[in-house]
Structure formats: structure tokens, C-alpha cells
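Colleague: Chain by chain, the residues:
2 protein chains.
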Amino acid sequence: MQLGDLQLLQSLLAENRWSSVFILTDENTNKHCLTSLMMCIDFPVNPEILEVEPGENSKSIEICHQLWWALNDLGADRNSLLINLGGGMITDLGGFLASTFQRGIDFIQIPTTLLAMTDAAIGGKTGINLGNLKNQIGTFQNPVAVILDQAWLETLPSREIRSGFAEVVKHGIIADNSLLKACFETDVSNQEEVFQLLEPSLKVKADIIAIDPFEKKERKFLNFGHTGGHALESLTLNDEDPLLHGECVAWGMMIATLLSIDGGGLEAEAAKELIRSIDSYYPDIQPEVEIEKMWEVMLRDKKNRNGKVNFVLLSKVSKPIANVEISMEHFAKACDDLRVMREEL
Amino acid sequence: MQLGDLQLLQSLLAENRWSSVFILTDENTNKHCLTSLMMCIDFPVNPEILEVEPGENSKSIEICHQLWWALNDLGADRNSLLINLGGGMITDLGGFLASTFQRGIDFIQIPTTLLAMTDAAIGGKTGINLGNLKNQIGTFQNPVAVILDQAWLETLPSREIRSGFAEVVKHGIIADNSLLKACFETDVSNQEEVFQLLEPSLKVKADIIAIDPFEKKERKFLNFGHTGGHALESLTLNDEDPLLHGECVAWGMMIATLLSIDGGGLEAEAAKELIRSIDSYYPDIQPEVEIEKMWEVMLRDKKNRNGKVNFVLLSKVSKPIANVEISMEHFAKACDDLRVMREEL
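As given, the protein sequences belong to chains D and F, one line each in that order. Those letters in the first sequence? Residues 1 to 345, by the numbering used here. Those letters in the second sequence? Residues 1 to 345, by the numbering used here.
If you are wondering where the hints come from, they were derived from the structure by calculation, not from laboratory data. In this text the structure is predicted, and so the values were computed from the model without any measurement. Keep in mind that the hints are not guaranteed to be accurate.
Which copy is meant is left open, so a pair is good if it fits within one copy or across any two.
[Stated by the list, open to error] Each computed SDA-like pair below joins lysine to any residue, with the alpha-carbon atoms no more than 20 Å apart:
1. Lys-333 to Glu-292
2. Lys-217 to Arg-78
3. Lys-216 to Glu-27
4. Lys-303 to Asp-106
5. Lys-216 to Asn-142
6. Lys-308 to Arg-78
7. Lys-216 to Ser-19
8. Lys-303 to Asp-73
9. Lys-316 to Ile-261
10. Lys-303 to Trp-69
11. Lys-181 to Glu-240
12. Lys-216 to Gln-141
All chains, please: the whole structure from these sequences, using the hints.
Modeller: Here you go:
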């Protein structure tokens with residue numbers, strides 16, 4: 001897999017190795033990103049555009065089924081290329097689409113959100129949802145390339161950028177102290193500052209995946225903050241104004257940090273310090289969901305097994321440990337304690 | 001991937017590395033094979049049985065969707081095992097199911113037909129159909145093991161065995177003269193004789209796949225006889241008594257052999273000799289479909305590109321060449337010539 005900017009995309013296309021090119025977009029990226037992509041890039045063959053509705057609901061089997069047919073009807077063959085232009089929904093869905101059409105065609109990810117840039121587009125995970133169950137169906141398949149361009153960040157609301165920033169912070173927490181320090185000195189409203197963090201952040205992820213591509217061991221560290229985060233996200237999905245993925249992960253990282261005191265041996269002072277820093281970016285993310293419901297969702301999480309809930313915790317900052325079993329009582333107490341602690345910050 | 005008998009399955013299960021075990025069957029294998037499997041094997045955890053209707057129609061996205069839900073509802077997790085007990089439909093469908101559920105769980109293939117033993121179960125190709133388009137959706141994913149047992153052949157009608165035999169012959173034609181000679185000395189009504197051919201036949205396939213797992217070059221040789229064969233199969237799928245896959249491949253191998261005289265440089269005498277041998281096992285396979293319709297299907301075949309139809313041909317017996325472009329006129333003439341030649345045999 002290659003990582004680069006639009007120039008890399010141009011030079012890959014110039015090699016002319018694909019029989020046809022398809023671009024998957026949603027309404028938003030079709031409106032805000034596609035024109036500029038078409039102006040910047042000289043396509044050797046005129047690409048066909050596939051468009052789905054924005055939002056998590058498009059990551060469904062039904063939409064995927066329609067897209068398989070669309071590729072087929074538009075004459076896609078094994079030598080076709082699919083370019084996925086969009087946020088994590090598009091890169092996940094398009095990655096799955098490409099990795100299963102005719103047993104796999106080439107695809108290139110062009111993530112247009114910070115979240116997709118730092119998380120969804122690299123690492124080879126593709127996925128669609130089974131009902132409300134996130135990424136229950138998917139594959140591991142690397143794209144030919146991931147194309148990053150700062151210009152897309154300008155198309156994003158600031159809340160989206162703050163959401164994606166949580167994954168950058170996560171990479172700092174699990175593996176890179178200097179990245180973490182840089183994160184907590186960053187003004188998230190400054191796109192250039194944020195974009196600067198991407199390279200070290202992606203390096204953390206790429207290094208981990210190189211060691212453990214199929215999530216047998218080290219790759220699990222990347223799930224730090226995601227056990228609680230995913231549960232929160234699932235339960236608020238149908239709210240009028242649902243929480244964003246990164247916002248949920250930010251809360252999930254705070255709860256995992258607190259659980260790390262008993263469960264991982266993290267020093268209480270270090271835990272409090274880290275929670276204070278995360279909270280300063282996400283003071284408004286205070287979930288009001290029932291612990292029992294959250295627990296049920298966590299039990300169904302594909303990362304858990306045998307009816308137990310496992311967390312990634314910290315023994316120190318940048319020293320994560322995977323598969324720490326936590327009881328519901330312990331989790332419930334941590335949720336209460338976190339609420340009290342944050343009120344006192 | 002390991003290849004072995006029921007003892008291998010028993011020893012894998014005894015390692016107790018899976019949290020739960022699922023067995024995918026169709027009505028036929030549920031009736032004829034499952035009881036004997038359950039009697040031979042001591043399962044450490046009681047397996048859950050999934051059953052689909054027999055026949056190609058179960059290799060659909062709708063059925064796959066139901067099976068994803070079934071796995072989910074029955075508590076399958078990333079450490080579950082899926083055992084696929086059946087013919088090629090079950091091993092293809094079950095392989096796809098396992099390779100996409102939660103981004104891939106372990107699976108074991110237990111092919112119960114000769115065709116699945118020699119072709120479908122090994123090589124890591126999984127697939128479901130998109131409408132009438134065979135294996136249009138799929139993945140490359142190796143099973144943990146393929147389990148072969150001669151006893152299953154006793155459950156099969158003789159026509160099924162003759163059909164699977166075509167794939168064994170194919171392996172002889174493309175790579176192993178002594179296997180080919182043994183094939184043409186075999187009495188296909190004798191299950192033991194046929195089962196003896198499996199090992200050298202699977203060796204041909206395994207050797208080719210080891211060199212070229214993703215079908216970039218040598219693996220294409222395994223498609224010998226399949227360009228014409230698949231088209232014939234598609235067009236007769238809805239007949240009252242449809243031709244079997246291997247029967248179609250037998251015809252496809254005869255037409256490819258004839259095309260090889262002009263297209264591959266195969267000596268006319270060698271071609272005639274080979275066609276005579278194949279015909280002696282499949283004298284009744286005389287397709288009556290329109291050439292134009294067959295051509296249309298071949299144009300849509302995922303192995304073709306840019307509106308051209310490519311065949312795997314022979315320059316000599318056991319010396320295949322891939323990607324030989326054939327025109328519709330040439331193909332139509334070969335169909336006529338083959339009919340005349342076979343009448344005169």
C-alpha cells in the first residue's frame with residue numbers, strides 16, 4: 001500500500017493499468033469534493049460515478065447489493081479500479097465492495113474527513129453493518145493507495161474535525177508520547193496544525209499493523225477507547241443529533257483510562273492527568289445512557305467472546321495491554337466515578 | 001491449509017481452539033452425511049447446524065444475508081469455526097460466509113461430492129452468485145483444512161461422479177500426463193478407482209496455486225474448459241434437467257481443444273485423440289444452445305475484459321497457454337466442427 005498526495009494518484013492513473021475507473025461518492029462528497037478532484041486529476045479513461053446517500057445507513061447489505069449490480073451493469077471487470085472518495089462510511093463500504101466484487105478488484109482510498117484519514121482508510125479493514133451491528137460483515141484487504149489532501153479538511157464542519165482528532169489522540173496514548181504531547185498543544189480549529197499530526201499518527205497505526213495485520217495481538221491496541229465508545233455510538237445512533245464516532249471514542253478513552261487504574265496498574269495521578277487533557281477537548285460529551293444497555297451492546301461486540309467483555313487498558317501512558325476482562329459492576333462504578341471526577345476538574 | 005481425512009478433523013477439534021462450532025449443510029448432506037459425521041467425530045462443543053436448500057439458488061446474497069444473521073443470533077464470534085459439509089455450492093457459499101463474517105472466521109471444508117473434492121474446496125476461492133452470474137461476488141481465503149473421505153462418494157449418484165471426474169481430467173490435461181493416462185483407464189463407476197485419482201489431481205491444483213495464488217498468470221490454466229463450459233452451464237441452468245458443472249466443463253474442454261489447433265498450435269492429431277478420449281466419457285453432452293447467446297455470456301464472464309473473449313488453450317497436451325483471444329466467428333466454426341467430428345468418432 002502506498003501513502004501519498006494527489007500527485008501519487010495522478011502518477012498511478014498515468015500507468016494506465018486499469019481497464020476502467022469507478023468513483024464511489026456520497027451526496028456530500030459528490031457536491032464538495034468530486035469537482036475539485038476531476039479538475040486536479042487527468043483521468044486516462046472517463047470515470048463512472050457511483051453515488052449513495054450520506055450517513056451510516058448506506059453501509060448496509062442492501063446498498064452494497066445495489067452497488068455490486070451497478071459495477072456489473074457498467075461493465076466493471078477484474079482489471080477495473082474503484083476510487084472511494086469520502087468519509088469512513090465510503091471507505092469502509094467501498095473497500096468491502098471492491099474486495100468482494102469478482103473476488104477483489106483494485107481500490108484507492110481518498111478519505112475526505114479527518115476521521116477517515118487517520119483511522120478508516122488505512123489498515124485494510126473494510127466493512128458494512130448487519131442491521132445496527134457495526135462492521136459485522138467485512139474483509140481485510142489493503143487498497144492500492146491512500147491519498148491524503150489537506151484541502152478536503154476545509155470542507156468539514158469543525159465538529160467533524162474535533163471528532164477525527166480523537167483517533168489521533170488515541171495513537172498518541174497507545175504508542176507515541178511526543179505525538180500525545182503535540183496533540184494536547186494543538187488548536188483543533190486550525191486545519192494546518194491538525195493536518196501536521198497526521199503523519200506521526202498514521203505511522204503509529206502502520207507500525208502496529210505491520211507487526212500484526214489480522215488483529216491477533218498488537219493490533220488490538222488500536223481498539224483503545226472503542227469498547228465503550230462503540231457501545232455509546234450504537235445506543236445514540238438514532239438520536240435526533242447523534243454523537244460522532246470520535247466523540248464516542250473520546251468518552252471511551254476516558255472510561256478506559258479510569259478502568260486502567262485497577263485493571264492495568266496505571267498510576268491514579270497519570271490517569272487523572274490524561275482524563276483532564278481529553279476532557280478539555282470534549283467537555284460536552286457526557287453520555288446519558290443506561291449502563292445495562294451499554295453492557296448488552298458490549299457483550300455483542302465482535303471483539304468479545306464467551307460472554308465476557310474485554311478492554312484495552314493502559315499499564316502506563318503508551319504501554320497498552322489487551323484483553324483485560326472487566327465486570328459489569330466494575331464498569332458501572334467507573335462510569336459513576338468518571339462523571340464525578342469530570343465535574344470536579 | 002491442511003489436507004487430510006476425518007482423523008485430521010478430530011485432532012484439530014481436540015485442540016479446542018474455537019469458542020463455538022457451526023456446520024453448514026444443505027437438506028441432502030443433512031440427511032446423508034451429517035449423522036455419520038456426528039457419529040465419527042467427538043465434538044468438544046455441541047455444533048449448531050445451519051441448513052439451506054440444495055441447489056445453485058442457495059448461493060445467493062439473500063441466503064448469505066440470512067446466514068450472517070443466523071451466525072450472529074446463535075452467538076458466533078471471531079473465534080468460532082464454520083464447517084462446510086457439502087458440494088461446491090456449500091463450500092463456495094460457506095467459504096464466503098466465513099471469510100466475511102466479522103472480517104473472517106476460521107472454516108473447514110468437508111466436500112462431499114467428487115467435484116467439490118477436486119475443485120471447489122481447495123484453492124481458497126469462495127463465492128456467491130449475483131443473479132445468474134456465477135461467483136460474481138467472492139473472496140480469496142484459505143480454509144484451515146480440507147477434509148476428504150471416500151465414504152461420501154457412496155452417497156452420490158453416478159452422474160455426479162462422472163461430472164466431478166471432468167475436473168480430474170482437466171488437471172491431467174493441463175499439467176500431468178500420467179494422471180491423464182490414469183484417468184482414461186479409469187472406470188468412473190468404481191468409487192475406489194476414482195478416489196485414487198484425487199491425490200495427484202489435487203497436487204496439480206495445489207502446485208499451481210502455490211505459484212500464483214491470485215490468478216495473475218499460471219492459475220488461469222485451471223480455467224481450461226471453463227470459458228465455454230460456464231457459458232453452457234449458465235444457459236442451461238433453468239432447463240428442466242440442467243447439465244451438471246463437470247458435464248459442461250467436459251464439453252468446454254473439447255471445444256477448447258479444437259480451438260487449440262489454430263489458436264495454440266496443438267497438433268490436429270493430438271487434438272482429435274484428446275477429444276475422442278473425453279467424448280468416450282461424455283458422449284451424451286451435445287449442447288443445443290444458440291452460439292450468439294453463448295457468446296454474450298462469455299463476454300460478461302469476469303475472466304474477460306475490454307469486450308474480448310479469451311480462452312485457455314493448449315500448445316501441447318500438458319502445455320497450456322492463457323489469454324488467447326478468440327473471435328465469435330472462430331468460436332462458431334469450432335462448435336460446428338466439433339459436432340461433425342464427434343459424429344464421426
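Colleague: State for each hint whether it applies.
Modeller: Now the hints, each set against the structure:
| no. | hint | in the structure |
| --- | --- | --- |
| 1 | Lys-333 to Glu-292 | within (12 Å within a copy, 72 Å between copies) |
| 2 | Lys-217 to Arg-78 | between (33 Å within a copy, 13 Å between copies) |
| 3 | Lys-216 to Glu-27 | neither (37 Å within a copy, 36 Å between copies) |
| 4 | Lys-303 to Asp-106 | between (28 Å within a copy, 15 Å between copies) |
| 5 | Lys-216 to Asn-142 | both (17 Å within a copy, 17 Å between copies) |
| 6 | Lys-308 to Arg-78 | between (42 Å within a copy, 13 Å between copies) |
| 7 | Lys-216 to Ser-19 | between (36 Å within a copy, 15 Å between copies) |
| 8 | Lys-303 to Asp-73 | between (37 Å within a copy, 16 Å between copies) |
| 9 | Lys-316 to Ile-261 | within (10 Å within a copy, 72 Å between copies) |
| 10 | Lys-303 to Trp-69 | between (32 Å within a copy, 17 Å between copies) |
| 11 | Lys-181 to Glu-240 | neither (35 Å within a copy, 71 Å between copies) |
| 12 | Lys-216 to Gln-141 | both (16 Å within a copy, 17 Å between copies) |
Violated hints, in rising order: 3 and 11; the structure is consistent with all others.
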